[in-house]
Structure formats: structure tokens, C-alpha cells
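Asker: Here is how the chains run, residue by residue.
Number of protein chains: 2
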Amino acid sequence: METPNSAKRGRGRPRKIHEGAFETKERLIRHGTALLTERGFASTGLEQFLKDVGIPKGSFYHYFPSKDAFGLAVLQNYGIYFARKLDKWLLNENRAPLDRLQDFIDDAKGGLARFSFRRGCLVGNLGQELGSLSDEFRDPLEDIFQDWQARVKACLDIAMENGELDNTQSTNDMAACFWIGWEGAILRAKLVQSTEPVDLFARSFFMGIKAPSLTTKLNRE
Amino acid sequence: METPNSAKRGRGRPRKIHEGAFETKERLIRHGTALLTERGFASTGLEQFLKDVGIPKGSFYHYFPSKDAFGLAVLQNYGIYFARKLDKWLLNENRAPLDRLQDFIDDAKGGLARFSFRRGCLVGNLGQELGSLSDEFRDPLEDIFQDWQARVKACLDIAMENGELDNTQSTNDMAACFWIGWEGAILRAKLVQSTEPVDLFARSFFMGIKAPSLTTKLNRE
Numbered sequence: 001m002e003t004p005n006s007a008k009r010g011r012g013r014p015r016k017i018h019e020g021a022f023e024t025k026e027r028l029i030r031h032g033t034a035l036l037t038e039r040g041f042a043s044t045g046l047e048q049f050l051k052d053v054g055i056p057k058g059s060f061y062h063y064f065p066s067k068d069a070f071g072l073a074v075l076q077n078y079g080i081y082f083a084r085k086l087d088k089w090l091l092n093e094n095r096a097p098l099d100r101l102q103d104f105i106d107d108a109k110g111g112l113a114r115f116s117f118r119r120g121c122l123v124g125n126l127g128q129e130l131g132s133l134s135d136e137f138r139d140p141l142e143d144i145f146q147d148w149q150a151r152v153k154a155c156l157d158i159a160m161e162n163g164e165l166d167n168t169q170s171t172n173d174m175a176a177c178f179w180i181g182w183e184g185a186i187l188r189a190k191l192v193q194s195t196e197p198v199d200l201f202a203r204s205f206f207m208g209i210k211a212p213s214l215t216t217k218l219n220r221e
Numbered sequence: 222m223e224t225p226n227s228a229k230r231g232r233g234r235p236r237k238i239h240e241g242a243f244e245t246k247e248r249l250i251r252h253g254t255a256l257l258t259e260r261g262f263a264s265t266g267l268e269q270f271l272k273d274v275g276i277p278k279g280s281f282y283h284y285f286p287s288k289d290a291f292g293l294a295v296l297q298n299y300g301i302y303f304a305r306k307l308d309k310w311l312l313n314e315n316r317a318p319l320d321r322l323q324d325f326i327d328d329a330k331g332g333l334a335r336f337s338f339r340r341g342c343l344v345g346n347l348g349q350e351l352g353s354l355s356d357e358f359r360d361p362l363e364d365i366f367q368d369w370q371a372r373v374k375a376c377l378d379i380a381m382e383n384g385e386l387d388n389t390q391s392t393n394d395m396a397a398c399f400w401i402g403w404e405g406a407i408l409r410a411k412l413v414q415s416t417e418p419v420d421l422f423a424r425s426f427f428m429g430i431k432a433p434s435l436t437t438k439l440n441r442e
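Same order as they appear, the protein sequences are chains A and B. Note that my numbering numbers the first sequence so that position 186 is 186, with each residue one more than the last. To get my numbering, take the position in the second sequence, counting from 1, and add 221.
Wrong hints could be hidden among the right ones.
Partial selection, computed: residues in chain A whose CB lies under 10 Å from chain B [claimed, not checked]: (1) R39; (2) F64; (3) E129; (4) E142; (5) T168; (6) C177; (7) I186; (8) P212.
It should be emphasised that the hints constitute simulated quantities derived from the structure, not laboratory data. Note that beta-carbon positions come from the ideal geometry of N, C-alpha and C, so glycine has one too.
Isolated chain A (complex conformation):
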């Protein structure tokens, strides 16, 4: 998705594309991702950002018409990156479906600790910033949640088929609740600089969706 696009290169102001143009765009996206996962988007001026990453304004505007367009590109890039990360864990056929979800959680906990709880979820951060952002961000943010939700649902569907989940609930609602709770857990983990909120959330999530034993099920209200 981040490959240079020669068709695009032909548009706009005539500009000599130096070697390394691809690297510049990739570097912008990479630094933008760090910015958006660690700090606010609205609170960071474009000039300061470009100064920090050492990329001239001209190069920036070659790739992105505006700061918002840049933010949206970073968001889309993150959505795809994160979907691949989800697939890595959730499609792992060597593990039972609920273990796959736990594997994803454990991996994310490692990521939180590795960045000293400074980096959260880019989608959650931008979602929280919505009041300061252009409305253009709303649909792409929700689309990404829906995409992640569909991936978790597919994994839960297998667990449901295996009889591991409470069949009085829909896997769609369970998957929606997973991402609702997830964003809250990441927010709190950053605040207390510990993975404990993620563990608390995960335990409670699994407790709420697991099938009661057969007898239990018969006696359930």
C-alpha cells in the first residue's frame, strides 16, 4: 500500500523526483503514526512536525494536499497494518479460537510495555480527538472499527460453532463489545502505565461470553 505510484508522480507541480522519494513518503507515514499514537493530531502543528522529522514542506505537499489528508493517510495505513496483525493471531489454525484472541491481547500488551505505555491505539486517539478534527475522519474511523470487529467476529464464530460461547448472545455484539472495551482498556493502561487494565478487561470479556456448562445453560434464566 505504500509503494510509489508513478501515475501520481506525473500530477501536480513539475517536480524532479529524487531517489528516495518513496522513502520520504514512507518516513512521513511512519513518523505520523508515531505522532498519532503518542500525541494528539490537532495539538501538533504541521510545521513543528516537519521540523522534528527533518522533512521540508515542499516534500510534504508533494505527497499530501493538507494536514488532514496526511492524517487520513496515516489512519488508513494504521488500519491496514493492524488488520494484518489481527489476522496473524486470529487466523492461526494451530490455536483454539479463544486462545487466538488471547494471543492477540498478549502481543498488544507486549507492545504497550515496549513503548513504555506512551503509545496507544491510533484509532482510539483520533476517535477521542474527534471534537477537534474535521468530520472527514468520522467515517474512516468507524470503518476501521467495523473491519476489526468483523475479524474478531469471524474468530468468535468458530468458537460458537465449537460450543465454547454463550449462544444467547450474538457474536456480532460480542465482537463490538470487544473493541468498545479494548479502547477503554488501552486508555487506562496508558494512564496507569501498566497492562493490568487490559488483563482486567480481557478476563471480564471472556467471562461474559463463555458458554456456561451444559447443566448451567439449562438452568440459566
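Given chain A, work out where chain B should sit, using these hints.
Answerer: Chain B only, in chain A's frame:
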């Protein structure tokens, strides 16, 4: 808590306190609350804020030594306001404990809709902004969560005594999970401009904590 403090008035630069000085401080806190629930704190410059609310810089600095001190005062004010709101619902002895929690949720849903899903939770917003804020905000934010958590725990304790809750879980963990999920639900409700995420979260929260029937309990793993 927002009463004028005559001891404070005597400090700092000599300044004639006009009638309405209390109103100025109150107005700053009120507008600050709107700002912090709707928009980002880091992304809003103090000058712009004061211009918008029509309060001169001099008046501002009479009450607050810095923008951060102002943000912390707004946060503390919100924490107390919200704790009172929680008490209103959670200490209502005319209702069963779990109904009290549902009453609070319903009231908050009304608030979300009333402000067209623009206003979220000030504590959640600031928590998400932590990467752009002074570290001074960290402890007060967590203190407020702990305070709210204690209030929800006290309500859940009554339900537990009544045998309404799953006694394999602690009410402390349940209360912690409530606020973790709550912040995620508010974030998502603002994004989709609907109370549905709050309902989804609430249903799943209650489902996860309610006591299975007696027979069910006996058969539980």
C-alpha cells in the same frame, strides 16, 4: 468548591476585585469544562480560548498561574460534579442496586444525546490526551477514576450481599471493568453519534457480573 476564597484574594499582584469576580472564575471553569469535554485541551491555545469566552488575560491569571493549573482546576471540578451525579443515582435507596447503576447509565445516555454526541467524558478525553499533556495530570486523572470506582463498588457490594452478583468475581474488579468499558463506550458513542455502544457495553457488563441461578452456580466450573 467554587466559592470565592478571600484568603487567596489577598495574594499576588495588588488588584481591585470587582463585583462579579466570582462569576468570572466560575465562567472560566464552566467554559473550560465545555472545552475539555468537547475539544482537546492541548490543541486549544489559551489566547484563543480567552478570546472565545471574552475574558481578559489579566483576569485569567488572577485565578490561575498557568494553562495547566487551569486544566487541573477544571478536571477537579468535573470530578466532584460527576461524583455527585453518581451519588444521586447510586445512593437512591428506592431502587435496587443494579437498577441504580442502570439509572445512571440512562441519565448519561440522555446527556450524550442532549449535546448531540459532541461532549464526552472530560476524564476520558484528558486521559487520551496524556501524551500531549504535562505529567501533572496523570495522578489527578487516576484519582478520579479510583473515586468513581469506589462509588460503583459500594453499589455493587449491596447487590453482592443480596446474592445478585457472581460471587467468583470481586466487586472491585467489576467496578474497575465498569469504568474501563465506560470510557470505551463513550468514545465510540461520540464516533457513531448514537447511544448504541453504551447499551451494548451495559448489557455485556451486567451479563458478565450477574449471579447465575443457584443450580447454575453449583454446576459452574
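Asker: Indicate, hint by hint, whether the structure satisfies it.
Answerer: Okay, the hints, checked on the actual structure:
1. R39: holds, 4 Å
2. F64: violated, 19 Å
3. E129: holds, 6 Å
4. E142: With a closest approach of 6 Å, the A/E142 hint holds.
5. T168: For A/T168, the interface hint holds, since the closest Cβ of chain B sits about 9 Å away, which is under 10 Å.
6. C177: holds, 4 Å
7. I186: Holds. Min distance 8 Å.
8. P212: holds, 6 Å
Of the numbered hints given earlier, the model fails hint 2 alone.
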